[in-house]
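**Q** Numbered by this note's numbering, the letters in the first sequence go through residues 21 to 580 in order.
Treat the hints with care, as some may be off.
What the hints assert, rightly or not - In the DMTMM-like style, the derived pairs of lysine to aspartate or glutamate whose C-alpha atoms are separated by at most 25 Å in a straight line are: (1) Lys-574 to Glu-417; (2) Lys-292 to Glu-97; (3) Lys-292 to Asp-518; (4) Lys-292 to Asp-503; (5) Lys-95 to Glu-186; (6) Lys-333 to Glu-521; (7) Lys-372 to Glu-558; (8) Lys-228 to Asp-145; (9) Lys-372 to Glu-431; (10) Lys-372 to Asp-570; (11) Lys-292 to Asp-510; (12) Lys-292 to Glu-380; (13) Lys-333 to Glu-79; (14) Lys-333 to Glu-539; (15) Lys-197 to Glu-256; (16) Lys-447 to Glu-407; (17) Lys-292 to Glu-256; (18) Lys-333 to Asp-345; (19) Lys-430 to Glu-399; (20) Lys-474 to Glu-407; (21) Lys-95 to Asp-309; (22) Lys-574 to Glu-521; (23) Lys-574 to Glu-544; (24) Lys-95 to Glu-126; (25) Lys-333 to Asp-32; (26) Lys-292 to Glu-99; (27) Lys-197 to Glu-99; (28) Lys-474 to Glu-431; (29) Lys-197 to Asp-149; (30) Lys-95 to Asp-301; (31) Lys-574 to Asp-518; (32) Lys-228 to Glu-126; (33) Lys-421 to Glu-407; (34) Lys-474 to Glu-417; (35) Lys-474 to Asp-393; (36) Lys-430 to Asp-461; (37) Lys-197 to Glu-254.
What the hints assert, rightly or not - So the derived label-pair ranges between C-beta atoms look like this: (38) Thr-252 to Glu-173: 39 to 45 Å; (39) Met-205 to Gly-509: 21 to 27 Å; (40) Gln-48 to Leu-523: 56 to 62 Å.
Please keep in mind that the hints were generated in silico from the structure rather than gathered at the bench. Where is the CB? At the ideal position from N, CA and C, for every residue including glycine.
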Amino acid sequence: MADTETTEAGRDFVRDIVQADLDAGRVQSVVTRFPPEPNGYLHIGHAKSICLNFGIATEFGGRSHLRFDDTNPVKEEQEFIDAIQRDVNWLGFQWDALHHASDYFEQLYEWAEHLIRTGHAYVDDTPPDQMRAQRGTLTEPGQNSPFRMRSVEENLDLFRRMRAGEYPNGTRVLRAKIDMASGNMNLRDPVLYRILHASHPRTGDAWKIYPTYDYAHGQSDAIEGITHSICTLEFEAHRPLYDWCLDNLPVPSRPRQYEFARLNITYTVLSKRVLTTLVRDGVVSGWDDPRMPTIAGIRRRGVPAVALREFVKRVGVARANSIVDMALLDATIRDTLNPVAPRRMAVLRPLKLVIENYPEGQTEPLTARNHPDNPEAGERQVTFGRELYVERDDFMENPPKKFYRLSPGKEVRLRYGFFVTCQSVVKDAAGEVVELRCTYDPASRGGNAPDGRKVQATIHWVSAADAVRAEVRLYNPLFNRPDPGAEGGDVMADLNPDSVEVLRDALVEPALASAMVGEAVQFERQGYFCADPDGTAERPVFNRTVGLRDSWAKVSGKPG
RNA sequence: UGGGGGAUAGUUUAGCGGUAAAACUCCCGGCUCUGACCCGGGCAUCCUUGGUUCGAAUCCAGGUCCCCCAGCCA
Numbered sequence: 021m022a023d024t025e026t027t028e029a030g031r032d033f034v035r036d037i038v039q040a041d042l043d044a045g046r047v048q049s050v051v052t053r054f055p056p057e058p059n060g061y062l063h064i065g066h067a068k069s070i071c072l073n074f075g076i077a078t079e080f081g082g083r084s085h086l087r088f089d090d091t092n093p094v095k096e097e098q099e100f101i102d103a104i105q106r107d108v109n110w111l112g113f114q115w116d117a118l119h120h121a122s123d124y125f126e127q128l129y130e131w132a133e134h135l136i137r138t139g140h141a142y143v144d145d146t147p148p149d150q151m152r153a154q155r156g157t158l159t160e161p162g163q164n165s166p167f168r169m170r171s172v173e174e175n176l177d178l179f180r181r182m183r184a185g186e187y188p189n190g191t192r193v194l195r196a197k198i199d200m201a202s203g204n205m206n207l208r209d210p211v212l213y214r215i216l217h218a219s220h221p222r223t224g225d226a227w228k229i230y231p232t233y234d235y236a237h238g239q240s241d242a243i244e245g246i247t248h249s250i251c252t253l254e255f256e257a258h259r260p261l262y263d264w265c266l267d268n269l270p271v272p273s274r275p276r277q278y279e280f281a282r283l284n285i286t287y288t289v290l291s292k293r294v295l296t297t298l299v300r301d302g303v304v305s306g307w308d309d310p311r312m313p314t315i316a317g318i319r320r321r322g323v324p325a326v327a328l329r330e331f332v333k334r335v336g337v338a339r340a341n342s343i344v345d346m347a348l349l350d351a352t353i354r355d356t357l358n359p360v361a362p363r364r365m366a367v368l369r370p371l372k373l374v375i376e377n378y379p380e381g382q383t384e385p386l387t388a389r390n391h392p393d394n395p396e397a398g399e400r401q402v403t404f405g406r407e408l409y410v411e412r413d414d415f416m417e418n419p420p421k422k423f424y425r426l427s428p429g430k431e432v433r434l435r436y437g438f439f440v441t442c443q444s445v446v447k448d449a450a451g452e453v454v455e456l457r458c459t460y461d462p463a464s465r466g467g468n469a470p471d472g473r474k475v476q477a478t479i480h481w482v483s484a485a486d487a488v489r490a491e492v493r494l495y496n497p498l499f500n501r502p503d504p505g506a507e508g509g510d511v512m513a514d515l516n517p518d519s520v521e522v523l524r525d526a527l528v529e530p531a532l533a534s535a536m537v538g539e540a541v542q543f544e545r546q547g548y549f550c551a552d553p554d555g556t557a558e559r560p561v562f563n564r565t566v567g568l569r570d571s572w573a574k575v576s577g578k579p580g
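Take the sequences, apply the hints, and build the full model.
**A** Rendered as structure tokens:
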């Protein structure tokens with residue numbers, strides 16, 4: 021079941037490692053961290069990492085930190101820092117400590133001088149393009165920088181002047197002195213510090229030099245006593261550098277890095293760079309656009325946090341690159357919502373239905389269950405009357421085989437209401453069906469005929485008397501290819517032009533007018549929806565979280 | 001063509017020397033006042049070749065394919 025979250029250990033290779041370390045006494049207590057860079061909103065790929073890091077801490081009785089990897093002020097913003105905390109909390113996790121790599125700038129700086137003093141780092145004046153040329157290629161070794169043999173004194177002096185802001189951006193860097201011939205490019209004297217005259221969200225203008233990720237990350241882990249530093253596969257080749265720094269510095273603890281495969285999902289893209297572009301170019305309404313794979317977007321679409329956690333669990337953790345089928349996310353959302361979402365009736369594309377043998381001006385209350393499998397969810401009243409609205413898709417004048425719904429001469433059940441039979445149709449000048457004329461069987465009140473006769477279909481409806489007009493937004497995948505950008509290399513070329521369909525004239529039962537924002541409801545026979553903050557009491561707005569499975573759509577070949 | 005990693009159903013995972021398991025997808029059928037849910041059934045040359053072994057997805061050797069690395073991004 022969706023809400024039974026597994027707690028047993030050893031379900032993936034990372035947990036196996038943690039368990040083994042604990043068993044062997046290599047670590048007394050596990051400490052993990054989730055280290056986002058505040059340069060964008062968190063997406064579902066981050067959710068996987070969050071669940072892994074915080075989940076492990078919880079399962080093994082350890083601790084987990086939230087640490088902002090804020091070493092590049094030119095890309096980072098306070099808005100992102102706030103959004104990230106909000107999203108981690110919403111996902112259901114609470115950090116044992118909140119840190120910033122920038123909290124360690126002074127310590128990191130002192131250690132940099134330590135590396136200089138021990139002959140492990142030097143200041144390089146080589147311009148960027150030249151440095152690139154000197155780095156060699158994948159198959160050819162690089163060349164030593166002419167500044168590689170500077171004295172400790174000169175390096176110290178230069179580095180202190182860099183800190184003091186005496187030099188412009190890009191003129192000098194501090195480099196680790198490792199091996200320009202290494203097969204691992206990351207070990208060819210990587211840059212540890214660069215000059216950046218930029219204001220930092222937290223340290224302001226205090227610093228003119230900033231540490232790189234490679235230099236800051238491991239030491240930050242060590243300062244915090246992180247035991248298992250879990251990151252994604254692309255950092256694998258950086259591990260030797262991570263270890264090199266730790267081995268050459270008097271750090272207080274010795275963390276270890278482990279890598280797992282990042283999450284990919286079909287028909288969307290989990291790349292901060294691309295997501296940032298979508299927001300910046302106005303392709304979507306913002307980071308929380310319901311089409312976005314961001315935690316904020318997914319939340320606004322109506323997906324509960326527990327569904328996201330369950331999805332991450334179903335996906336698993338491994339070291340093999342993979343692309344998860346979007347259908348798995350959808351199935352997980354349905355599985356989570358189905359047992360709890362109250363049922364309501366909403367007609368997305370209304371078609372008027374008049375019951376000719378029902379007394380004019382009369383209405384009557386009917387009882388509808390809030391959940392078919394859970395009596396405790398209670399009941400509600402819906403108003404029945406002579407004029408109703410049903411779904412356009414539930415009527416066909418010339419139905420194909422296997423079409424169970426309304427068509428001329430056909431009898432169906434109106435959910436929780438009566439059996440009705442279509443007698444005739446009214447068309448407009450263009451020949452479009454604009455109204456169904458029906459008769460009903462008064463004896464079938466509540467939905468069952470006393471003579472025991474059956475109908476093939478039960479359709480939903482709303483009453484003309486008290487239905488509320490609403491806007492309904494139907495979301496579809498943001499991209500029209502399972503692997504955006506895989507073919508032409510241009511991700512934007514694969515954008516789905518129909519990723520959202522707005523229905524402005526939907527009619528919903530009155531009980532829906534007071535739906536709370538973000539609370540999931542099921543529009544019977546259609547899908548799970550939630551009220552969007554854009555709506556008002558007079559004019560509610562609903563987002564489709566995910567559609568119900570629709571085997572008729574498959575048979576009829578129509579898109580869901 | 002350097003270095004580092006990875007290959008188990010359509011997809012994602014489990015399996016840790018004893019004869020391939022689960023979820024999703026898909027297909028067939030049943031049930032039904034949601035064509036939903038639910039319930040049956042079906043869907044695997046374990047990348048490949050050879051070796052070790054009574055026995056290999058698991059161990060060994062060779063091969064193939066895929067991914068990552070040449071930012072003063074993370």
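**Q** Now tell me, hint by hint, if it's right for this structure.
**A** Going down the list of hints, with the structure as the test:
1. Lys-574 to Glu-417: holds (20 Å)
2. Lys-292 to Glu-97: Measuring from Cα to Cα gives roughly 14 Å; hence the hint holds.
3. Lys-292 to Asp-518: holds (22 Å)
4. Lys-292 to Asp-503: OK: Lys-292 and Asp-503 at ~16 Å, within 25 Å.
5. Lys-95 to Glu-186: Between Lys-95 and Glu-186 the Cα gap is close to 23 Å, so the pair holds against 25 Å.
6. Lys-333 to Glu-521: This hinted pair is violated, its Cα atoms lying about 31 Å apart.
7. Lys-372 to Glu-558: holds (22 Å)
8. Lys-228 to Asp-145: Answer holds: Lys-228 to Asp-145 is near 16 Å, not above 25 Å.
9. Lys-372 to Glu-431: With a Cα-Cα distance of about 16 Å, the restraint between Lys-372 and Glu-431 holds, given a limit of 25 Å.
10. Lys-372 to Asp-570: Between Lys-372 and Asp-570 the Cα gap is close to 24 Å, so the pair holds against 25 Å.
11. Lys-292 to Asp-510: holds (16 Å)
12. Lys-292 to Glu-380: With Cα atoms ~59 Å apart, Lys-292 and Glu-380 exceed 25 Å; violated.
13. Lys-333 to Glu-79: holds (14 Å)
14. Lys-333 to Glu-539: holds (23 Å)
15. Lys-197 to Glu-256: Given pair Lys-197, Glu-256 holds - Cα atoms ~20 Å apart, limit 25 Å.
16. Lys-447 to Glu-407: Holds, at roughly 17 Å.
17. Lys-292 to Glu-256: holds (20 Å)
18. Lys-333 to Asp-345: holds (14 Å)
19. Lys-430 to Glu-399: Status violated; Cα separation ~29 Å.
20. Lys-474 to Glu-407: holds (24 Å)
21. Lys-95 to Asp-309: holds (22 Å)
22. Lys-574 to Glu-521: holds (20 Å)
23. Lys-574 to Glu-544: Answer holds: Lys-574 to Glu-544 is near 19 Å, not above 25 Å.
24. Lys-95 to Glu-126: holds (21 Å)
25. Lys-333 to Asp-32: holds (10 Å)
26. Lys-292 to Glu-99: holds (15 Å)
27. Lys-197 to Glu-99: violated (37 Å)
28. Lys-474 to Glu-431: OK: Lys-474 and Glu-431 at ~9 Å, within 25 Å.
29. Lys-197 to Asp-149: Since the Cα atoms of Lys-197 and Asp-149 sit roughly 19 Å apart, the hinted pair holds (cutoff 25 Å).
30. Lys-95 to Asp-301: holds (17 Å)
31. Lys-574 to Asp-518: holds (19 Å)
32. Lys-228 to Glu-126: Cα-Cα ~12 Å, so holds.
33. Lys-421 to Glu-407: With a Cα-Cα distance of about 29 Å, the restraint between Lys-421 and Glu-407 is violated, given a limit of 25 Å.
34. Lys-474 to Glu-417: holds (21 Å)
35. Lys-474 to Asp-393: holds (22 Å)
36. Lys-430 to Asp-461: holds (13 Å)
37. Lys-197 to Glu-254: holds (23 Å)
38. Thr-252 to Glu-173: 39 to 45 Å: holds (41 Å)
39. Met-205 to Gly-509: 21 to 27 Å: holds (23 Å)
40. Gln-48 to Leu-523: 56 to 62 Å: Once the Cβ atoms are compared, 58 Å apart, the range 56 to 62 Å for Leu-523 and Gln-48 holds.
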